[in-house]
Amino acid sequence: MYEGVVQDLIDELGRLPGVGPKSAQRIAFHLLAADPADVRRLVHALVEVKDKVRFCATCGNVAESEQCRICLDPRRDVAVICVVEESKDVVAIEKTREFRGRYHVLGGAISPIEGVGPDDLRIRELMTRLADGVVTELILATDPNLEGEATATYLARLCKPMGLRVTRLASGLPVGGDLEYADEVTLGRAFEGRRLLDV
Amino acid sequence: MHVAHLSLVDYRSYARVEVPLEPGVTAFVGPNGQGKTNLVEAIGYLATLGSHRVASDAPLVRLGAERAYVRASIVREDGRSALAELEINPGKANRARINRSPATRPRDLLGLLRTVLFAPEDLALVKGDPGERRRFLDELLTARTPRLLGVRQDYDRVLKQRNTLLRTAALARRAGGGRSGALSTLDVWDEHLAAAGAELTYARLDLVAALQPLVDKAYDALSTGGGPIVLDYRSSMSEDPLPTDRAGIHAVLTSAIAAGRAAEVERGQTLVGPHRDDLVLRLGPLPAKGYASHGESWSYALALRLGSYELLRADGGEPVLVLDDVFAELDVTRRARLAEMVAHGEQVLVTAAVAEDVPPALAGARYDVAAGEVRRVEHE
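From first to last, the protein sequence lines are chains A and B.
For what it's worth, this note's numbering labels the leading residue of the first sequence as 1, then goes sequentially.
For what it's worth, this note's numbering labels the leading residue of the second sequence as 1, then goes sequentially.
Pulled out of the complex, with its shape left as it was, chain A reads as follows (with noise of 0.2 Å):
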């Protein structure tokens, strides 16, 4: 154990994801030794983060203002909206550059051991999102697992009569992999859904 305020910041950075008692040390040690600009503008970016950034009124994502830059996009398919758990998906999936629609961030998923049923994500705000008409298509997004598919499930019942295509994610093999390297389910997983070559 360090003293006071050392000991208070080790345990304060070890709160965070990610980061174990050896690592909230070594942080620690770092953040002291550092130049106090440094320090400060990491201050800064905290409060900064925590003061301006709120969750866009329309889809859930993080924003700086009422709502994020790719529901102001007007460039963006207003026909198509992909379903996500976090605003982390959003980013993964904005990197690949392939899906040009809109986005709807549940802010986790269906768990009743956690405690989340449908009443803890931005599940009703979704529907008031495809209420209008104006979405043709519902991409479930969801994370591939049993919680994330019971979500994807509830949610493709609950739109199926609005008359919506409704998709999910496919699920297989990683591009670039080993297929010796797959794991069991994985590769179980991909079997299931091979498709046929068309040539």
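Calculated directly from the structure, the hints in this document are not laboratory data.
Any given hint could be a false lead.
Stated by the list, open to error - Only pairs whose alpha carbons sit at most 30 Å apart, straight line, appear in this in silico DSS-like list of lysine-lysine:
# : chain 1 : residue 1 : chain 2 : residue 2
1 : B       : 160       : B       : 92
2 : A       : 88        : A       : 22
3 : B       : 127       : B       : 160
4 : A       : 22        : B       : 217
5 : B       : 127       : A       : 88
6 : B       : 160       : A       : 160
7 : A       : 22        : A       : 50
8 : A       : 88        : A       : 160
9 : B       : 289       : B       : 217
All values reported here derive from a predicted model rather than from experimental measurement.
Chain A is already provided as a structure; the job is to place chain B on it using the hints.
Relative to chain A, chain B alone:
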């Protein structure tokens, strides 16, 4: 396949032990409590990532040590050898290495070494709860088809989520009203339960059908009548025999879930599905549990393992057969018959308290095990 070398560090009673092994029969002989079973248990652990004796890892580590190491060099069918290593860290994640390079997950070890292990604890297969028999089936399933481990884990996870949901809903109802939306996702969990449950049930039925004649044959050889053996899969979904196709099972499970909903909401748990099924072991017209004598139960349990062994052999990739302390319970005739059945296995490891218990047909390499030392006995 066979194990060419076993090395243990801080495992159970052993601070360190090196045991070179050969194909064919090897007997570990020594008085009780000297560490014979620990050797074969370690081999079983490497193959299944679990001990046949304890559920937690803590007892596997020598008193005073922090972690245990199990290392085996395995010679596979194609003549290539692999070095499998496992670091057992009780309370933490175990770590595996294959051919000296770290594996992503210990699970990657599965399939590298295949074993069928019979031990006195297996009497619980016959006399114990349905859970013992479900575990027996599921372990054999994943040994044959590793993909089904994923299906089983999915099923367990759906079950946990669904039970939590039902429990929350039951509590809310008792508290009077509560959130009406609590059960709005139940349909979704039903669907996932039915999908994973049907797949698991289908695989189990398929396995039981393949296993039945082999177990019957083994029992017939081990005992003097009382048969035939019938493995009767009893499903919680229906009194009638289940359909033999996946889609049919899926339909039965789906309607059973729908029919049982009121009771499930009332009790706050999932009442139908493969987690409530049983494999009724019949001996002639009667269930073995409650009717079979001690000797018959013993032979039955042994026949289940020998049947599994034959099944895995038939699939290709001959497993290592481990018979822990089996001979003391059998009379001379049955010992001889058992010996005849297994003598041609690629590798058979047996343990016995006294050398005389090991039938002459299984005369192979012999090790004396005493006070944590394993010493090879040269034939005179």
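Cross-check of the supplied hints:
1. 160(B) x 92(B): Distance ~23 Å between residue 160(B) and residue 92(B) Cα, so the pair holds.
2. 88(A) x 22(A): holds (26 Å)
3. 127(B) x 160(B): holds (28 Å)
4. 22(A) x 217(B): Cα-Cα ~59 Å, so violated.
5. 127(B) x 88(A): violated (53 Å)
6. 160(B) x 160(A): holds (27 Å)
7. 22(A) x 50(A): holds (27 Å)
8. 88(A) x 160(A): holds (27 Å)
9. 289(B) x 217(B): OK: residue 289(B) and residue 217(B) at ~20 Å, within 30 Å.
Of the numbered hints listed earlier, those contradicted by the structure are 4, 5.
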